[in-house]
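Undergrad: Sequence:
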Amino acid sequence: MPIERRPLREQIREELLSRLDRGDFAAGTDINEASLAAELGVSRTPLREALITLAGEGVLESNQGRGFRFAPVSRKEFRELCEIVAALESLALDCSDAAHLRGIAPELLRLAQEFPDRVAEQQVIERHDDEWHDLLLSGCRNERLLDLITSVKAGMRRYAHLLAGDETPLEREAAEHRRVAELLVDGDLAKASQALRDNWVNGMERMMSRIPADG
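Counting in UniProt numbering, the final residue of the sequence shown is number 215, and the numbers go up one at a time with none missing.
Warning: the hint list may mix true and false statements.
[Stated by the list, open to error] Label-pair ranges, simulated between beta-carbon atoms: (1) Asp-130 to Arg-5: 26 to 34 Å; (2) Glu-143 to Arg-210: 27 to 35 Å; (3) Glu-121 to Glu-83: 20 to 28 Å; (4) Asp-186 to Ser-35: 48 to 56 Å; (5) Ser-138 to Thr-45: 29 to 37 Å; (6) Arg-5 to Pro-72: 15 to 23 Å; (7) Gly-67 to Gly-187: 51 to 59 Å; (8) Gly-187 to Gln-113: 17 to 25 Å; (9) Cys-95 to Ser-35: 36 to 44 Å; (10) Arg-6 to Arg-127: 49 to 57 Å; (11) Pro-72 to Arg-102: 39 to 47 Å.
[Stated by the list, open to error] Each computed DSBU-like pair below joins lysine-lysine, with the alpha-carbon atoms no more than 30 Å apart: (12) Lys-191 to Lys-76; (13) Lys-153 to Lys-191; (14) Lys-76 to Lys-153.
Honestly, the hints are just simulated from the structure, not real lab data.
From a predicted model like this one, the values you see are computed outputs, not experimental measurements.
The C-beta atom is built at its ideal place from N, Cα and C for all residues, glycine as well.
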């Protein structure tokens, strides 16, 4: 089995994103670099490199020379993140092998039909949606694009954890996933790509009502 050698800063970044994904960090929380480096068992240099990367991705804010903190919630930021993910996932779908998409379309439809709930707990929605979207983009071979999607989604996901919590019931529209799958079954990639964008935009509007107005 080949051994993957990656820079330590990338591994630290992924660990921080994983913790953010679990809801371990609250919005506006200052980062104690010395304490976090000790907790992770790394030196402060690769940790700081990872923090700078996350700041460039919008997950963190540089606190005017006094370190970093996790960015507070903002309606403007959430809207921008959703728009970016909608565009990137549509691009990944467009870049996918057509034969592969035809092959997975029935499974995408099955998954959508098996989760028809209009309201469900946030953690349940997240689990099903991740499975569906991961399968949808499994034919994209552009690894940089997929990494970018993962990064932007991490910034989005903190909103769900901060504003809803894992057990909070949220609204969803199961028909939107079915629509994308049905179009792929029919071989209409262009309409499927647009339907995917619509899914993200509509989901954004459902979540926006939970985010306080920007001051």
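Undergrad: None of the hints should be skipped; say for each whether it holds.
TA: Here is what the structure says about each hint:
1. Taking the beta carbon of each, Asp-130 and Arg-5 are about 28 Å apart, inside 26 to 34 Å as hinted.
2. Between Glu-143 and Arg-210 the C-beta distance comes to about 33 Å, which sits within the given range of 27 to 35 Å.
3. As the Cβ distance of Glu-121 to Glu-83 is approximately 26 Å, the hint placing it in 20 to 28 Å holds.
4. Separated by about 55 Å at the C-beta atoms, Asp-186 and Ser-35 satisfy the suggested range of 48 to 56 Å.
5. For Ser-138 and Thr-45, the hinted distance range of 29 to 37 Å is satisfied, since their beta carbons lie about 36 Å from each other.
6. For Arg-5 and Pro-72, the Cβ-Cβ distance of about 36 Å falls outside the hinted range of 15 to 23 Å, so the restraint is violated.
7. A beta carbon spacing of about 52 Å between Gly-67 and Gly-187 agrees with the range 51 to 59 Å that was offered as a hint.
8. Restraint check, Gly-187 to Gln-113: a C-beta distance of roughly 19 Å satisfies the suggested window 17 to 25 Å.
9. The supplied range of 36 to 44 Å is met by Cys-95 and Ser-35, whose beta-carbon atoms lie about 42 Å from each other.
10. For Arg-6 and Arg-127, the hinted distance range of 49 to 57 Å is not satisfied, since their beta carbons lie about 27 Å from each other.
11. Hint check: Pro-72 to Arg-102, Cβ distance near 44 Å, so the stated range 39 to 47 Å holds.
12. Taken as a hint, the Lys-191 and Lys-76 pair is honoured in the structure, with Cα atoms around 28 Å apart against an allowance of 30 Å.
13. With a C-alpha separation of about 23 Å, the suggested pairing of Lys-153 with Lys-191 holds against the 30 Å cut-off.
14. As the CA atoms of Lys-76 and Lys-153 are separated by approximately 15 Å, the hinted pair is consistent with the 30 Å bound.
In summary, the numbered hints that this structure violates are 6, 10.
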